[in-house]
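Chain order of the listed sequences is A and B.
Mind the numbering: the first sequence is residues 1 to 267 in my numbering, read in order.
Mind the numbering: the second sequence is residues 268 to 596 in my numbering, read in order.
Incorrect hints may appear among the rest.
[As the list claims (entries may be wrong)] Ranges of calculated distance between the beta carbons of each label pair, as one might list FRET restraints:
1. F516/B / K42/A: 32 to 42 Å
2. E222/A / V510/B: 27 to 37 Å
3. D572/B / H93/A: 32 to 42 Å
4. P167/A / L330/B: 55 to 65 Å
5. V352/B / T141/A: 17 to 27 Å
6. I578/B / T141/A: 36 to 46 Å
7. V248/A / I578/B: 21 to 31 Å
8. G157/A / F516/B: 51 to 61 Å
9. R262/A / F516/B: 26 to 36 Å
10. V433/B / L158/A: 57 to 67 Å
11. P530/B / R262/A: 17 to 27 Å
Since the hints were derived computationally from the structure, they do not count as laboratory data.
Every residue gets a Cβ at the ideal spot worked out from N, C-alpha and C, and that includes glycine.
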Amino acid sequence: MAVTIKPGESYGFFTDTSICIGCKACEVACKEWNQLQGDTPKFLADSYDNTGQLDDQNWRHVKFIDDVPMQSTNSGNGTAFLMMSDVCKHCKHASCMDVCPTGAIIRTEFDTVFIQQDVCNGCRNCIAACPYSVIALNPATGTAHKCTLCYDRLQGGLEPACAKACPTQSIKFGPLSELQQAADVRLAALHSQGVAQAQLYGRDDKVYGGLNAFFLLMDKPETYGLPNADNAKLPTRNDIGGYVGAFVTAVVGVIAGIVAFRRRGES
Amino acid sequence: MIYLAAEHFVRAPQWTWYILGYFFFAGLTGGSYAVATLLRLVGDPRDEPAARVGYYASFVTLLVCPVLLSTDLGASWWKFWHMLVDITPGDQGLNFKYWSPMSVGSWALLVFGFFAAVSALESFLLDRRSPSAPTGSPADPGGSRFRTVDAPSRPFGGVVGQAFNVIGAVLALFVASYTGVLLSVSNQPIWSDTWMLGGLFLASGLSGSAALIALLTRYRPNAAFSLGRIHEADGYFSILELVLLVAFFITIIAAGTAGPTLPFLPLWLLALVGVGASLVAARGHMRIRGIPAGGTAVIARAGTDTLVVSILVLLGVLALRAAVIFSAQ
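My request is simple: use the sequences and hints to build the entire structure.
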């Protein structure tokens with residue numbers, strides 16, 4: 001379905017993990033369009049995953065999560081690998097933007113989160129803050145890299161490469177409001193089929209104010225390496241507490257110095 | 268802060284040796300300035316030589332900081348100034364984000380640098396103006412590297428000068444502490460599970476600075492008057508550090524993220540050795556408080572070796588920061 005892309009509207013991904021087949025076409029398309037060389041493939045010996053993680057060379061990563069029980073189950077009750085094409089979530093309240101000291105991380109006219117390469121100075125504060133382990137430093141450029149949601153393609157009216165390449169439409173791109181409606185319909189359908197464990201992640205504002213790249217998961221978020229709503233906290237939550245701790249220490253330290261250095265009339 | 272079984276899926280930022288070095292020197296530059304100002308404004312006029320040692324130490328340790336910070340940026344080392352100026356097209360201008368400790372800290376370091384440089388220059392000019400004892404004289408038995416003074420010149424500026432030192436000291440305390448707050452304002456395990464790091468780094472920085480100034484008084488005999496008082500202050504700072512260290516571990520144990528600190532037990536123990544050395548030295552010097560001041564004679568009676576104590580304390584300061592930084596990564 002062709003999408004008309006207009007600046008000023010919110011766009012994102014709805015990734016339905018229930019129909020991901022782990023083909024990694026999204027990874028390949030992403031590298032192809034964004035001219036990412038990729039890391040040297042690793043033999044991880046636990047799945048068909050040889051990418052390992054999102055980083056400066058992998059802006060899409062298909063996770064293979066071992067959900068196979070150790071003992072056999074009855075016919076029809078078996079579970080298998082969970083597969084999920086992971087990506088930058090383009091959070092509404094983005095931790096990376098929250099802490100970036102240079103102003104390199106901005107929200108674009110498409111409501112996506114983008115790192116300006118000419119502004120970024122590689123301080124890595126965003127890496128320490130991103131709760132999804134999305135951002136990584138490119139040692140060659142000395143700057144932080146992550147998914148741009150194909151900003152250049154959006155500017156040209158094209159949908160992101162990963163969504164374009166996904167053969168099962170597990171990755172859907174479009175205006176956020178339309179994606180949210182589609183997700184609600186899909187979740188209701190799964191629940192009506194008895195798939196009670198299916199849940200949406202990032203569809204509402206419980207996680208970082210809502211995610212522009214949100215997911216339909218087949219297990220709890222922690223299974224996929226995603227923080228649940230209780231653990232989804234912004235780094236700046238510790239601003240006041242940290243400074244108060246330092247201020248109290250400073251006051252006590254100065255008093256201690258005064259006690260030690262006060263004039264005692266020694267001759 | 269509501270404690271819960273925190274789960275972290277975050278990547279480590281690879282802040283390693285350069286950042287460790289920066290945190291160490293930031294603690295010393297800020298701490299030295301604060302201790303020097305306390306000596307000058309609260310202490311006896313005979314504390315002035317030790318205060319100047321503190322200002323010199325603050326300036327020299329400050330010089331290392333931007334070098335380490337820029338080097339840590341790797342290929343983008345030349346873009347350190349982006350911390351201060353936003354070059355985003357259409358949004359150019361000075362960059363100050365009060366909610367980002369790294370942004371505030373960059374500005375604080377820059378402004379504090381002015382105060383540290385001026386105070387060091389003032390100390391240098393005062394030392395040059397003061398009458399100096401001939402090298403090898405009783406006032407300068409070892410032929411000190413600093414020009415010695417029997418009656419130190421009064422600092423410049425009167426009340427204005429004092430206000431300058433106070434403002435500089437406030438900035439100094441910030442520079443010595445914000446590095447801990449910066450770590451807390453993240454989503455990293457351990458760092459983001461406690462509010463104690465800012466205070467802990469400050470207390471440790473003050474302790475290390477007192478130890479550094481005490482160490483440097485070996486080269487300035489007329490500053491020996493202050494030695495016992497500096498060790499006493501170091502003792503108080505170390506008690507504060509110990510309290511905050513306990514609070515730090517209580518908070519991360521409550522958050523369920525204390526496990527990764529265990530492999531770095533030797534570093535934590537070294538930090539505790541530094542605290543212990545401070546306390547032993549402080550105890551030794553407080554016992555002889557009533558003895559009339561006698562420069563190096565007082566040092567000898569104290570029965571503790573300032574060189575050994577100061578080195579242990581400084582190693583403890585470094586070890587504490589290394590333990591905190593590496594435990595989370």
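Consistency of the hints with the structure:
Distance hint check for F516/B and K42/A: the Cβ-Cβ separation is about 36 Å, which falls inside the suggested range of 32 to 42 Å. One distance hint, 27 to 37 Å for the beta-carbon pair E222/A and V510/B, holds here, with the actual separation near 35 Å. Between D572/B and H93/A the beta carbon distance is about 54 Å. The supplied range of 32 to 42 Å is therefore violated. Judged by the Cβ atoms, the range 55 to 65 Å given for P167/A and L330/B holds: they are separated by roughly 59 Å.
A hinted range of 17 to 27 Å holds for the C-beta pair V352/B and T141/A, which are about 20 Å apart. Roughly 41 Å separates the CB atoms of I578/B and T141/A, a value that falls within the hinted 36 to 46 Å. Under the hint 21 to 31 Å, the C-beta atoms of V248/A and I578/B, about 30 Å apart, fit the expected range. A C-beta distance of roughly 56 Å is found between G157/A and F516/B, which places it inside the suggested range of 51 to 61 Å.
Roughly 33 Å separates the CB atoms of R262/A and F516/B, a value that falls within the hinted 26 to 36 Å. Checking the proposed 57 to 67 Å range against V433/B and L158/A shows it holds: the Cβ atoms sit about 60 Å from each other. Remark: the range hint 17 to 27 Å for P530/B to R262/A is contradicted by a beta-carbon distance near 43 Å.
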